[in-house]
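Novice: One-letter residues, chain by chain:
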Amino acid sequence: MNAPVLDRRKVLSGGALVVAFAMTSRLLGDAVGGGEGGAGPKVVRPDLEGSLKTDPWLDAWIRIDAEGQATVCSGKAELGQGIRTALLQVVAEELDMPPAAITFITADTGRTPDEGLTAGSHSMQDSGTALANAGANVRMLLIGAAAKRLGIPVRELDTTGDGHIAARDGRRVSYGEAARALSLHVEAVADAPRRSPQSYRTMNRDFRRVDIPAKLTGGEAYVQDMRLPGMVHARVVRGPSYGTRLTAPDIAAARKMPGVLRIIQNGQFLAIVARKEWQAIQAMRVAQTSDYVKTGPDLPGEQGPRRLQSLASREIIVEQSDDGPKASTRTFKGSFSRPWYSHGSIGPSCAVAHLHGGELTIWSHSQGVFDMHRATAELVGLAPDKVRVIHTPSAGCYGHNGADDATAEAGLIAMQLPGVPVRLQWMREQEFGWEPCGCGMVTQIEASIGPDNKIAHWKYEVWSNSHNNRAVGAGGYAVAQEIVPGFPMQVPAPIPMPEGDGDRNANPLYVFNNMDIRYHFVPEMPMRVSALRSLGAHLNIFTMEAALDELAKAGGVDPLAFRLAHMQDERARAVMLRATDAFGWSKRLRGDGRRGCGMAFARYKNRGAYCAIALEIEIERETGAITIHRVNAAVDAGQPANPNGIRNQIEGGIIQSLSWAIHEDMTYDTSKRTGFDWGTYPILRFDQVPGSIDVDIVESAGLPFLGAGEAAQGPTSAALANAIADAAGVRLCDMPLTPAKVKAAIGNAG
Amino acid sequence: MTFELTVNDKTHIVDAEAETPLLYVLRGELGLNGPKYGCGLGQCGACTVQLGGKAVYSCLTPLITVGEREVRTVEGLGGVDSMNPLQQAFADEQAAQCGYCIAGMIMRAQALLDENPHPTEAEIRSHMQPNLCRCGTHMRILRAIRRVAAVPAGAAA
Ligand code: FES
Ligand code: FES
Numbered sequence: 001m002n003a004p005v006l007d008r009r010k011v012l013s014g015g016a017l018v019v020a021f022a023m024t025s026r027l028l029g030d031a032v033g034g035g036e037g038g039a040g041p042k043v044v045r046p047d048l049e050g051s052l053k054t055d056p057w058l059d060a061w062i063r064i065d066a067e068g069q070a071t072v073c074s075g076k077a078e079l080g081q082g083i084r085t086a087l088l089q090v091v092a093e094e095l096d097m098p099p100a101a102i103t104f105i106t107a108d109t110g111r112t113p114d115e116g117l118t119a120g121s122h123s124m125q126d127s128g129t130a131l132a133n134a135g136a137n138v139r140m141l142l143i144g145a146a147a148k149r150l151g152i153p154v155r156e157l158d159t160t161g162d163g164h165i166a167a168r169d170g171r172r173v174s175y176g177e178a179a180r181a182l183s184l185h186v187e188a189v190a191d192a193p194r195r196s197p198q199s200y201r202t203m204n205r206d207f208r209r210v211d212i213p214a215k216l217t218g219g220e221a222y223v224q225d226m227r228l229p230g231m232v233h234a235r236v237v238r239g240p241s242y243g244t245r246l247t248a249p250d251i252a253a254a255r256k257m258p259g260v261l262r263i264i265q266n267g268q269f270l271a272i273v274a275r276k277e278w279q280a281i282q283a284m285r286v287a288q289t290s291d292y293v294k295t296g297p298d299l300p301g302e303q304g305p306r307r308l309q310s311l312a313s314r315e316i317i318v319e320q321s322d323d324g325p326k327a328s329t330r331t332f333k334g335s336f337s338r339p340w341y342s343h344g345s346i347g348p349s350c351a352v353a354h355l356h357g358g359e360l361t362i363w364s365h366s367q368g369v370f371d372m373h374r375a376t377a378e379l380v381g382l383a384p385d386k387v388r389v390i391h392t393p394s395a396g397c398y399g400h401n402g403a404d405d406a407t408a409e410a411g412l413i414a415m416q417l418p419g420v421p422v423r424l425q426w427m428r429e430q431e432f433g434w435e436p437c438g439c440g441m442v443t444q445i446e447a448s449i450g451p452d453n454k455i456a457h458w459k460y461e462v463w464s465n466s467h468n469n470r471a472v473g474a475g476g477y478a479v480a481q482e483i484v485p486g487f488p489m490q491v492p493a494p495i496p497m498p499e500g501d502g503d504r505n506a507n508p509l510y511v512f513n514n515m516d517i518r519y520h521f522v523p524e525m526p527m528r529v530s531a532l533r534s535l536g537a538h539l540n541i542f543t544m545e546a547a548l549d550e551l552a553k554a555g556g557v558d559p560l561a562f563r564l565a566h567m568q569d570e571r572a573r574a575v576m577l578r579a580t581d582a583f584g585w586s587k588r589l590r591g592d593g594r595r596g597c598g599m600a601f602a603r604y605k606n607r608g609a610y611c612a613i614a615l616e617i618e619i620e621r622e623t624g625a626i627t628i629h630r631v632n633a634a635v636d637a638g639q640p641a642n643p644n645g646i647r648n649q650i651e652g653g654i655i656q657s658l659s660w661a662i663h664e665d666m667t668y669d670t671s672k673r674t675g676f677d678w679g680t681y682p683i684l685r686f687d688q689v690p691g692s693i694d695v696d697i698v699e700s701a702g703l704p705f706l707g708a709g710e711a712a713q714g715p716t717s718a719a720l721a722n723a724i725a726d727a728a729g730v731r732l733c734d735m736p737l738t739p740a741k742v743k744a745a746i747g748n749a750g
Numbered sequence: 001m002t003f004e005l006t007v008n009d010k011t012h013i014v015d016a017e018a019e020t021p022l023l024y025v026l027r028g029e030l031g032l033n034g035p036k037y038g039c040g041l042g043q044c045g046a047c048t049v050q051l052g053g054k055a056v057y058s059c060l061t062p063l064i065t066v067g068e069r070e071v072r073t074v075e076g077l078g079g080v081d082s083m084n085p086l087q088q089a090f091a092d093e094q095a096a097q098c099g100y101c102i103a104g105m106i107m108r109a110q111a112l113l114d115e116n117p118h119p120t121e122a123e124i125r126s127h128m129q130p131n132l133c134r135c136g137t138h139m140r141i142l143r144a145i146r147r148v149a150a151v152p153a154g155a156a157a
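Protein sequences appear in the order of chains A and B.
All residue numbers for the first sequence refer to UniProt numbering, where the first residue is 1 and numbers rise by one.
All residue numbers for the second sequence refer to UniProt numbering, where the first residue is 1 and numbers rise by one.
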């Protein structure tokens, strides 16, 4: 959390601090935040690195006061991934000062640089790189100022790590003294000397996360915990899921419920405002006793995700290569799918909004506060500079869940209650029913090996909706089609390569002959969808790694050796070898009908972190239930800022991916989603987590940061399916790989 | 209606309807942050508190049923500078990602440790079954509990 509530309010009214920060306008630019959301701010200095490209002024990132205290800004938000601590370590290291001397402000449209979305495993690349280089620039300037002051050459000075610059003769200048003689309102240079990894004091250490203590002790850690003076509680009244409408909500009865202050109605949008939270919930329940009608598009029906293949699509060629005619000895053909997933945040989405003096301030856990302040402004009819969005943590979102919608709705409600802060939280069933799901997807593969056991042909197709339906204008919010006058729904567009969308990671890092890879982008969305951790990479890696195992088997080659034979990237090879060595791959038990082992690898987007997974499972043949005995992961995320933070993300990704692969499936009938709670949408619980997970970090000292937050999603599900194939001799292609499906497949296999 | 409620060793008089779930009394009337709304259905454990020493879902506990039993929330175990051994173990293991589930995890685990200071690995896993974590922090949560329970790491799952 940025600061206690009171401080935030002070800052809000103060204004001086806001002006002090250099801000650049946002125009068309390159893919900050992994290409999700809007276009991102304009690149003005392509020679610089990370987000300095779009915001080169040093004082937009770092200021140092006369006492030597630093204030540092980042446009990236703490989503539970530990980025706040990792970024703090990076900037402290390059400034060479203790993290405790730094006040760190994140993702606030009134105070920090616009760094687009906090998404796509881009935060270390965008913001970490910017802060590292900005820190190096500032440290260089501080040393220069000290040199002038002492009248000695720069080379005779060095920083000490405690906020001082020391000369060889023992004289010291504090950062405060040096900063007084300095303006940081200058553009960064590209070649400021970085601190060398050998002398790191803060980076590459398992520094404890700064946000964790409050989370363990009931501190004010989340937007849900905000209590502004005079704050009221809101609930929205809705049909059971997106694409439905209540026919006759009982507004009169709700109005009479205790504590109800206001009923907000605009077109079909209906919200209850009450003095206390429980009163708002009770009134919402009363109002919700109504029939509903379907208003949205047809749900996918019995075909499930394969419905996408019968909808109109636009073909995008991902990769084609012609390596001349090659003989094929063995061919593998298959079609794979995954269903629609819920983000499944443990805390339903929440936002606090306050209209004060004609300005709307919103505290939101959106991943995209910068897009949001423009889109919400459009929605509520204010100028963008009258809407300020302050990122405030919540439960993990893992992508575009209900956060943005709840924030927009809180804004609409607050507009009707000038001067009164409004806290809106969605209910559990609203989060399941209304959030954009992770996309259902289908792939098809036909690949063959030649006499040399090398892949001779690789024909690959993927069908998906856009994974990027984040609101960049008012029309991106669900409520925009409920209010009158409304806004037309935002037109979905796929994220182009090299980041990719449904085709993310459909282009192999492996070297194959004769590739033909196509993305059938389907604009029509049978289910409301948007970004979920790893986007299309999950199913693409699942498919590719399954095909590799099947072809290895056909050629009589070990799966690891087969992969290595097709991989030239040394870091990829190293990661595969590290994971499998730690696992004991060469001595692993071989599939015996019950037990089995599987491995898989991917470099996320072919430009993020490298991750290899090996795991051992056991299938209870009588029930099809899977026990995961042990998992080994190896990851190369470039220069680690906080190795334990990387480990935490990979461990979490492994468990979440296992949950997706084994359990998860957003169900529906003809009119609505039917997954509305943890009973109808089960996820992995303690009795199913692996016996052990060991994550090995391959250190790439001094190499660029590579985001690791999504790296485990594809390889883990893929390794699981490969282990099932090893154990039971059956290739399961359609997730979730539920016990019933496993049991049926084993039965069929005899 | 007014009720007398003992929470974290302090007695409070609260004015609320009898059927108000304890969760909303703790958060709304007493300003506590530990118990969280996750589902309101007894399916996720984010709202877990100790009631008379036992772990309960505060979202499903009507105020009127609390009676004289003492309520404990994570705030009652310790603060940032005075963490109890279990909170400290969570800090030492860095057992949180988003952390939204963690207060509930700590309260459920504390109830086990109060009753059985040295549970086995299997007992820990089965006791924690009601609580969900979407971030996948399970391995660290188990390690933190094991630290306090003094169960050797790697003891059979
Ligand atoms: S909120 Fe009480 S069990 Fe989920
Ligand atoms: S740490 Fe995020 S839900 Fe458990």
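Hints in this document: simulated from the structure, not taken from any laboratory.
Glycine is no exception: its CB is placed at the ideal position from the N, C-alpha and C atoms.
Keep in mind that a hint or two might mislead.
Unchecked claim - Taking beta-carbon pairs under 7 Å as the criterion, some of the chain A residues facing chain B (in silico):
(1) Arg-180
(2) Leu-216
(3) Lys-276
(4) Trp-278
(5) Gly-301
(6) Asn-507
(7) Leu-509
(8) Glu-651
(9) Asp-677
(10) Pro-682
(11) Phe-686
(12) Asp-696
To be verified - Over the 10 Å line for every Cβ pair with chain A, so calculated as not near, a few chain B residues:
(13) Glu-17
(14) Lys-54
(15) Ala-91
(16) Asn-131
Novice: Decide, hint by hint, whether the structure agrees.
Specialist: Status of the hints after comparison with the structure:
1. Arg-180: 34 Å, violated
2. Leu-216: 5 Å, holds
3. Lys-276: Holds: closest Cβ of chain B sits about 5 Å from Lys-276 (chain A), inside 7 Å.
4. Trp-278: 4 Å, holds
5. Gly-301: 28 Å, violated
6. Asn-507: 28 Å, violated
7. Leu-509: Constraint on Leu-509 (chain A) not satisfied, violated at 25 Å.
8. Glu-651: Hint holds; Glu-651 (chain A) Cβ to chain B Cβ min 6 Å, cut 7 Å.
9. Asp-677: 6 Å, holds
10. Pro-682: Pro-682 (chain A) check fails; min Cβ-Cβ to chain B is 9 Å, beyond 7 Å.
11. Phe-686: Where the cut-off is 7 Å and the nearest Cβ of chain B is about 5 Å from Phe-686 (chain A), the hint holds.
12. Asp-696: Not OK, violated: Asp-696 (chain A) not within 7 Å of chain B, min 15 Å.
13. Glu-17: Label violated. Min Cβ-Cβ 7 Å, cutoff 10 Å.
14. Lys-54: 18 Å, holds
15. Ala-91: Its Cβ does come within 10 Å of chain A, the nearest being 6 Å, so this is violated.
16. Asn-131: 7 Å, violated
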